[in-house]
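Number of protein chains: 2
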Amino acid sequence: MSDITVTKVKQVGVLPTDKELGFGTIFTDHMFVMDYTTGKGWHSPRIVPYAECANYPAMIVFHYGQAIFEGMKAFRTEDNRICVFRPYEYLNRFNRSAEKLCIPKMDVEQIHDALFQLLALEKNWVPGQLGTSLYIRPFVVADEPHLGVKVADSFKLYIILSPVGAYYKTGFNPVSIKVEDKYVRAIKGGLGEAKTPANYAMSLAAQQDAYAEGFGQVLWLDAVHRKYIEEVGTMNILFKINGEIITPELNGSILGGITRKTVLELSRSWGLKTTERQISIDEVYDAYAKGQLDEVFGSGTAAVISPVGELSWKGQRIVINHNQTGPYAQKLFDYITGVQSGKIADQFGWMEEVR
Amino acid sequence: MSDITVTKVKQVGVLPTDKELGFGTIFTDHMFVMDYTTGKGWHSPRIVPYAECANYPAMIVFHYGQAIFEGMKAFRTEDNRICVFRPYEYLNRFNRSAEKLCIPKMDVEQIHDALFQLLALEKNWVPGQLGTSLYIRPFVVADEPHLGVKVADSFKLYIILSPVGAYYKTGFNPVSIKVEDKYVRAIKGGLGEAKTPANYAMSLAAQQDAYAEGFGQVLWLDAVHRKYIEEVGTMNILFKINGEIITPELNGSILGGITRKTVLELSRSWGLKTTERQISIDEVYDAYAKGQLDEVFGSGTAAVISPVGELSWKGQRIVINHNQTGPYAQKLFDYITGVQSGKIADQFGWMEEVR
Ligand SMILES: Cc1ncc(COP(=O)(O)O)c(C=O)c1O
Ligand SMILES: Cc1ncc(COP(=O)(O)O)c(C=O)c1O
Numbered sequence: 001m002s003d004i005t006v007t008k009v010k011q012v013g014v015l016p017t018d019k020e021l022g023f024g025t026i027f028t029d030h031m032f033v034m035d036y037t038t039g040k041g042w043h044s045p046r047i048v049p050y051a052e053c054a055n056y057p058a059m060i061v062f063h064y065g066q067a068i069f070e071g072m073k074a075f076r077t078e079d080n081r082i083c084v085f086r087p088y089e090y091l092n093r094f095n096r097s098a099e100k101l102c103i104p105k106m107d108v109e110q111i112h113d114a115l116f117q118l119l120a121l122e123k124n125w126v127p128g129q130l131g132t133s134l135y136i137r138p139f140v141v142a143d144e145p146h147l148g149v150k151v152a153d154s155f156k157l158y159i160i161l162s163p164v165g166a167y168y169k170t171g172f173n174p175v176s177i178k179v180e181d182k183y184v185r186a187i188k189g190g191l192g193e194a195k196t197p198a199n200y201a202m203s204l205a206a207q208q209d210a211y212a213e214g215f216g217q218v219l220w221l222d223a224v225h226r227k228y229i230e231e232v233g234t235m236n237i238l239f240k241i242n243g244e245i246i247t248p249e250l251n252g253s254i255l256g257g258i259t260r261k262t263v264l265e266l267s268r269s270w271g272l273k274t275t276e277r278q279i280s281i282d283e284v285y286d287a288y289a290k291g292q293l294d295e296v297f298g299s300g301t302a303a304v305i306s307p308v309g310e311l312s313w314k315g316q317r318i319v320i321n322h323n324q325t326g327p328y329a330q331k332l333f334d335y336i337t338g339v340q341s342g343k344i345a346d347q348f349g350w351m352e353e354v355r
Numbered sequence: 001m002s003d004i005t006v007t008k009v010k011q012v013g014v015l016p017t018d019k020e021l022g023f024g025t026i027f028t029d030h031m032f033v034m035d036y037t038t039g040k041g042w043h044s045p046r047i048v049p050y051a052e053c054a055n056y057p058a059m060i061v062f063h064y065g066q067a068i069f070e071g072m073k074a075f076r077t078e079d080n081r082i083c084v085f086r087p088y089e090y091l092n093r094f095n096r097s098a099e100k101l102c103i104p105k106m107d108v109e110q111i112h113d114a115l116f117q118l119l120a121l122e123k124n125w126v127p128g129q130l131g132t133s134l135y136i137r138p139f140v141v142a143d144e145p146h147l148g149v150k151v152a153d154s155f156k157l158y159i160i161l162s163p164v165g166a167y168y169k170t171g172f173n174p175v176s177i178k179v180e181d182k183y184v185r186a187i188k189g190g191l192g193e194a195k196t197p198a199n200y201a202m203s204l205a206a207q208q209d210a211y212a213e214g215f216g217q218v219l220w221l222d223a224v225h226r227k228y229i230e231e232v233g234t235m236n237i238l239f240k241i242n243g244e245i246i247t248p249e250l251n252g253s254i255l256g257g258i259t260r261k262t263v264l265e266l267s268r269s270w271g272l273k274t275t276e277r278q279i280s281i282d283e284v285y286d287a288y289a290k291g292q293l294d295e296v297f298g299s300g301t302a303a304v305i306s307p308v309g310e311l312s313w314k315g316q317r318i319v320i321n322h323n324q325t326g327p328y329a330q331k332l333f334d335y336i337t338g339v340q341s342g343k344i345a346d347q348f349g350w351m352e353e354v355r
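The listed protein sequences derive, respectively, from chains A and B.
Sequential numbering of the first sequence, starting at 1, is according to my numbering.
Sequential numbering of the second sequence, starting at 1, is according to my numbering.
Keep in mind that a hint or two might mislead.
What the hints assert, rightly or not - For lysine to aspartate or glutamate, the following EDC-like pairs were computed, each having C-alpha atoms within a straight-line distance of at most 16 Å:
{"id": "1", "chain 1": "B", "residue 1": "188", "chain 2": "A", "residue 2": "20"}
{"id": "2", "chain 1": "A", "residue 1": "188", "chain 2": "B", "residue 2": "181"}
{"id": "3", "chain 1": "A", "residue 1": "314", "chain 2": "A", "residue 2": "209"}
Note that these hints are calculated values from the structure, not bench results.
Working from the sequences, and respecting the hints, build out all of it.
Structure below.
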């Protein structure tokens, strides 16, 4: 895409020290922006300084939530290359989300090239210490100012970048999770499998209640039977039961995580039995009672692998693997972060270098 | 609230002619804005020129949809007063939506006073022809720039105003409605009873499909059984069956419409039997088969009353009252719009005058 106009900042910023890095509050100097107008298609791709944008208060996204996003990462490898983890997986999911939200299809190659051009410009913003990364947030919002509920006729696509610190600053901490029995997040026939603001708006009250009760996360159950396991706030969930890896199938109401996919591919390549199917919370509690619940862990771009030390469902608490990180969660974490940091050879072709 | 700062436009705009008025695309000269900051509460109330606002692309509402809105109307009466229809009903619902979305509570009196001060300034923007009005859109968006899913620490409340044309330009047109059997809009334990962008994002694909099939609206069924009637896109639904007014009860997944409430109050005052309860689509089709489905109509702020001429469920079409507006829908419409226009005495105290 040779037609990206580039407007650079006058004075580039400075990457904070690793200690100063949190998640999602610091942004790099530049961002990518592109417009969509009905009749004209996607147009005016540009790289501009990261700054406030002017929008009419009547813009459709403020009122009717027509928007999608993605979340992926670039890493500085040990030999000082900048590599993105499975970019096409995320960008293809971005387009699938677009379809669900009636947002015009994007050209994945074009977005890919724009992202890599932006990353080439922002190389200095990629932190290098193990566990740190440059978080990449592509998103689209409906910016037509119009107060009637309708599919918008104009949109803006952004890619913004944020250097982020290590998720586990003091080593793996197994998380204590509340199995949610009051709120629901998504349902078949809804938007659960899209990465769209609506799903996260649905989770705020539950998250707030869970925090207040001392839990780190919420585990969602299905909306109809309130017993089949769906996913965690921003992670998919996997169980190791009697040596087998079991995770809920992609049934239309959960997000098809790229980390989930990576874990399943890896597990299969390592010869483990891995199964995607409906799994109820009773089954998990039963496995626990029989002493067969080896490990529970979440998978997501932010944390990679997040061991679950405790589940609490309607007040019944079970402690998994003595509230210690299990060996399989550790192995997955070490392997995936090893490939991301360049320590382990990238034999699956996950990493794409920014040149 | 004496502390509202007012910045006026240099040159006031001109209200378009009634013919030029549509819905939600023209805005008045000024808007009300107020900020919330954790620790400080709601602050800096101000009336400023309606214009684009600067926001960071990382603002939480773009990514996690933390936002709410309302929709109400001011009218120019026949004797040239400006009156708002049931403002406290809408503002109290605004606050109930806030709670569901973890948005800080507002002081209803303060918002009410701000609205009336804004309306006093914008009196010339209220059109006068029967059926026209000034649509009032209060809304709150989470504007903290932060990429992690969380309840924001800063918000902006806006009130914007849009003069709107008559909904029925050529008299009542009964609408043809598709009973949705693929998509769902909301579920108990979700956000259905809040006025929040997520619910409307959920409806876009269904709306698009229904339009393509030649229907004017979608009628939602419950998410669990897929048979109990919920509501229409932006209206509640009411049935007149064998002389009785029946409407789905407020079960947590539908919006408690102010027009619905008005219709129920009116119907009771007129001595009709009115019932709020679970009602299935089968029951409606059964009543039709028995010749007892007198009328079907929607209720909402935009249309007031919208007669339904046809329902189509899984390809089975039923035509209601020969696809003509029923006498009861007409009576309700005439009465409510009569009070709104000042033609009929306001015996229920619905109208509040802007002085
Ligand atoms: C709701 C939800 N589920 C699962 C995930 C994990 O997906 P991924 O591994 O692609 O990051 C995320 C985070 O992206 C999420 O937001
Ligand atoms: C989903 C939904 N249901 C019902 C209604 C009708 O509510 P009201 O009569 O308060 O306008 C609306 C419109 O406000 C709506 O958006």
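Structure-based check of each hint:
no., hint, in the structure
1, 188(B) with 20(A), "violated, 42 Å"
2, 188(A) with 181(B), "holds, 11 Å"
3, 314(A) with 209(A), "holds, 14 Å"
This entry does not satisfy hint 1, going by the numbered hints stated previously; all others are met.
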